[in-house]
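Kindly produce the complete structure, drawing on both the sequences and the hints.
Same order as they appear, the protein sequences are chains A and B. Per numbering that gives the first Met the number 0: the first sequence ends with 242, consecutive numbering throughout. Per numbering that gives the first Met the number 0: the second sequence ends with 135, consecutive numbering throughout.
Treat each hint with caution, since some may be false.
Okay, derived cross-link-like pairs now, EDC-like style, lysine to aspartate or glutamate, Cα gap no bigger than 20 Å in a straight line [claimed, not checked]:
no. : chain 1 : residue 1 : chain 2 : residue 2
1   : A       : 55        : A       : 238
2   : A       : 21        : B       : 75
3   : A       : 100       : B       : 75
4   : A       : 55        : A       : 86
5   : A       : 205       : A       : 190
6   : A       : 139       : B       : 86
7   : A       : 78        : B       : 45
8   : A       : 127       : B       : 50
9   : A       : 78        : B       : 92
10  : A       : 81        : B       : 94
11  : A       : 55        : A       : 35
12  : A       : 78        : B       : 37
13  : A       : 78        : B       : 53
14  : A       : 205       : A       : 157
15  : A       : 127       : B       : 75
16  : A       : 78        : B       : 75
17  : A       : 127       : A       : 238
18  : B       : 112       : B       : 86
19  : A       : 127       : B       : 45
20  : A       : 81        : B       : 133
21  : B       : 112       : B       : 56
22  : A       : 81        : B       : 92
23  : A       : 139       : A       : 97
24  : A       : 78        : B       : 19
25  : A       : 78        : B       : 56
26  : A       : 100       : B       : 50
27  : A       : 100       : A       : 86
28  : A       : 81        : A       : 71
29  : A       : 81        : B       : 37
30  : A       : 127       : B       : 19
31  : A       : 127       : B       : 133
32  : B       : 123       : B       : 104
Quick partial rundown of chain A residues pointing at chain B, CB under 8 Å, derived from the structure [unchecked claim]:
no. : residue
33  : 78
34  : 79
35  : 105
36  : 176
On the chain A side, residues computed to face chain B include the following (Cβ under 8 Å) [unchecked claim]:
no. : residue
37  : 77
38  : 128
39  : 130
40  : 155
Think of the hints as simulated: they come from the structure by calculation, not from any bench. Everything numeric in this text was worked out from a predicted model, so none of it was measured. A virtual CB, placed ideally from N, CA and C, is assigned to each residue, including glycine.
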Amino acid sequence: MATQRVVQLVRLGRMPYGTTLKIQNELVQRHLETREQSVSATMGKSSEFQQQLKLKNEHDEILDKLILVEHEPVYTIGKRTKEYTIEERQRLEALGADFYKTNRGGLITYHGPGQLVAYPILNLANYKRSINWYMCTLTKTIIGTCRQFNIEASSSSDVGVWVGNNKICAMGVHASRFITMHGIALNCNTDMTWFNHIVPCGLVGKGVTSISQELNQNVTIEDAEGPFLKSFSDSFKCEIVEM
Amino acid sequence: MINRSISSTNRLLGARVYAESHEWVLMNENTATVGISDHAQGMLGDVVFVDLPEVGDTAEAGNACATVESVKAASDIYAPVSGEIVEVNTALENEPSLINTSPLDNGWLFKVKVQDGEQLSELKSEDQYLATIEDE
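Here it is in structure tokens:
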């Protein structure tokens with residue numbers, strides 16, 4: 000490959016869900032604008048030039064981002080809204096959590112303190128134009144992260160990453176012209192009682208777990224970040240650069 | 000322009016034409032049936048949910064107007080032509096997997112009453128489309 004894939008790391012720290020959603024939308028928009036400009040600007044130019052433009056915009060900004068964030072307690076649902084009523088929403092908000100309907104795939108999930116949330120904003124044209132491939136690669140990233148903690152995790156037909164019958168990492172994404180948003184939520188030392196109020200991802204009879212629970216010791220987001228970034232860089236074959 | 004003459008011929012022959020974003024269009028008089036290509040359904044994986052526009056909505060060429068969900072991923076589908084949505088494939092509500100099993104026939108998404116036939120000249124013939132996905 001002529002051009003090295005590069006992804007810029009964006010650490011947001013602790014931030015409410017709604018603010019992060021705006022940032023994601025803004026970064027997706029930058030991709031789409033650059034894409035439109037490059038379609039007209041690269042007519043007749045070499046393919047290497049086109050490749051450059053996909054990676055960076057006119058301000059030499061790296062467009063592919065990897066957002067890391069920790070949310071305040073929030074329940075979110077995806078495109079499939081049928082089974083979630085106003086009463087259900089009010090019940091969850093009464094627990095002290097926010098509630099958002101989003102454009103991602105998947106059903107209800109919880110985000111909150113102690114959970115490593117990662118939102119890759121990638122143009123899959125720089126990788127492989129397949130959402131199926133993308134989800135498999137995200138899954139590999141999490142399995143590889145768990146392995147560094149000596150946790151044997153696996154994928155399943157229900158998507159997400161599992162330790163036995165318990166989900167350790169939820170996944171849900173949106174793609175628009177192969178630009179991705181939303182992403183993964185890996186439980187590090189999450190207060191797991193928040194999950195008792197919902198059927199995570201609509202899967203009846205399955206449980207949830209965290210890295211801390213599996214190892215029976217406190218593992219923080221900060222502990223998990225390094226292993227996650229290493230695994231992401233290995234699975235996506237990209238270089239991750241700090242801002 | 001060569002492209003235009005190929006597309007016009009296809010339109011007359013009732014052959015599918017394709018958008019760069021992997022949707023196909025099949026014309027019947029001035030109504031366009033829209034679906035996604037076999038290549039696209041393969042790249043999505045098993046479809047579990049389809050969010051369709053409503054009859055009476057206005058589709059704008061190049062704008063997102065439906066979503067398909069596969070493997071916990073929601074992907075936007077773009078209208079290849081502009082016009083009023085006159086029919087949607089309600090069979091997909093109960094059987095979204097039709098998109099995987101029959102992307103070019105029973106898995107069609109919606110029908111658009113086309114305002115501007117010129118937009119069809121922007122689309123590719125099946126051969127042209129297949130050539131563009133070869134190196135992906």
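Hints, one by one, checked against the model:
A distance of roughly 14 Å separates the Cα atoms of residue 55(A) and residue 238(A); the hinted pair therefore holds under the 20 Å criterion. For the suggested pair residue 21(A) and residue 75(B), the alpha carbons sit about 19 Å apart, so the restraint of at most 20 Å is met. A hinted pair counts as satisfied when its Cα atoms are at most 20 Å apart, and residue 100(A) with residue 75(B) qualifies at roughly 17 Å. Between residue 55(A) and residue 86(A) the alpha-carbon distance is near 45 Å, which puts this suggested pair outside the 20 Å criterion.
As the CA atoms of residue 205(A) and residue 190(A) are separated by approximately 17 Å, the hinted pair is consistent with the 20 Å bound. The hinted pair formed by residue 139(A) and residue 86(B) fails the criterion: a straight-line CA distance of about 40 Å is larger than 20 Å. For the proposed pair residue 78(A) and residue 45(B), the alpha carbon gap of about 16 Å is at most 20 Å, so the pair holds. Restraint check: the Cα-Cα separation between residue 127(A) and residue 50(B) comes to about 25 Å, which exceeds 20 Å; the hinted pair is violated.
For the hint linking residue 78(A) to residue 92(B), the alpha-carbon distance of about 13 Å falls within 20 Å, and the restraint holds. Among the hinted pairs, residue 81(A) with residue 94(B) is consistent with the structure: their alpha-carbon atoms are about 16 Å apart, no more than 20 Å. Of the supplied pair hints, the one linking residue 55(A) and residue 35(A) holds, its CA atoms being roughly 13 Å apart against a limit of 20 Å. Distance hint between residue 78(A) and residue 37(B) is unfulfilled; the C-alpha atoms sit about 24 Å from each other, more than 20 Å.
Restraint check: the Cα-Cα separation between residue 78(A) and residue 53(B) comes to about 16 Å, which is no more than 20 Å; the hinted pair holds. Simply put, residue 205(A) and residue 157(A) have alpha-carbon atoms about 10 Å apart, close enough for the 20 Å limit, and the pair holds. Our distance criterion of 20 Å between C-alpha atoms is met by residue 127(A) and residue 75(B), whose separation comes to about 17 Å. As the CA atoms of residue 78(A) and residue 75(B) are separated by approximately 11 Å, the hinted pair is consistent with the 20 Å bound.
About 16 Å separates the Cα atoms of residue 127(A) and residue 238(A), which keeps this hinted pair within 20 Å; it holds. At roughly 9 Å between alpha-carbon atoms, residue 112(B) and residue 86(B) fall within 20 Å of each other, so this suggested pair holds. Taking the CA atoms of residue 127(A) and residue 45(B), the gap is about 18 Å. The hint holds against a cut of 20 Å. For a cut-off of 20 Å, the pair hint linking residue 81(A) to residue 133(B) is broken: about 39 Å separates their Cα positions.
Distance hint between residue 112(B) and residue 56(B) is fulfilled; the C-alpha atoms sit about 11 Å from each other, no more than 20 Å. In summary, the hint linking residue 81(A) to residue 92(B) is supported, as the alpha carbons are separated by about 12 Å, within the 20 Å threshold. The hinted pair formed by residue 139(A) and residue 97(A) fails the criterion: a straight-line CA distance of about 30 Å is larger than 20 Å. Using a Cα cut-off of 20 Å, the hinted pair residue 78(A) and residue 19(B) is violated, with the two alpha carbons roughly 25 Å apart.
Of the pairs offered as hints, the one joining residue 78(A) and residue 56(B) holds, with about 19 Å between alpha carbons and a cut-off of 20 Å not exceeded. Between residue 100(A) and residue 50(B) the alpha-carbon distance is near 15 Å, which keeps this suggested pair within the 20 Å criterion. Distance check on the hinted pair: residue 100(A) and residue 86(A) sit about 14 Å apart at the alpha-carbon level, within 20 Å; holds. Taken as a hint, the residue 81(A) and residue 71(A) pair is broken in the structure, with Cα atoms around 25 Å apart against an allowance of 20 Å.
Between residue 81(A) and residue 37(B), the direct Cα distance comes to roughly 29 Å. Violation of the 20 Å bound is thereby established for this hinted pair. At most 20 Å may separate the alpha-carbon atoms for a hinted pair to count; residue 127(A) and residue 19(B) meet this at roughly 16 Å. As the CA atoms of residue 127(A) and residue 133(B) are separated by approximately 13 Å, the hinted pair is consistent with the 20 Å bound. A hinted pair counts as satisfied when its Cα atoms are at most 20 Å apart, and residue 123(B) with residue 104(B) qualifies at roughly 19 Å.
Hint on residue 78(A) holds. Least Cβ distance to chain B is approximately 5 Å, under the 8 Å limit. Interface hint status for residue 79(A): upheld, as the beta-carbon distance to the closest one in chain B is roughly 5 Å, under 8 Å. The criterion of a C-beta within 8 Å of any C-beta in chain B is met by residue 105(A), whose closest approach is roughly 4 Å, and the hint holds. For residue 176(A), the interface hint holds, since its Cβ comes within 8 Å of a Cβ in chain B; the closest pair sits about 7 Å apart.
Here the hint on residue 77(A) is kept, as its CB sits about 7 Å from the closest CB of chain B, short of 8 Å. For residue 128(A), the shortest C-beta to C-beta distance to chain B is roughly 5 Å, which falls under 8 Å, so the interface hint holds. For residue 130(A), the suggested interface contact is upheld, since its CB lies about 5 Å from the closest CB of chain B, less than 8 Å. Hint status for residue 155(A) relative to chain B: violated, with the closest Cβ pair at about 11 Å, above 8 Å.
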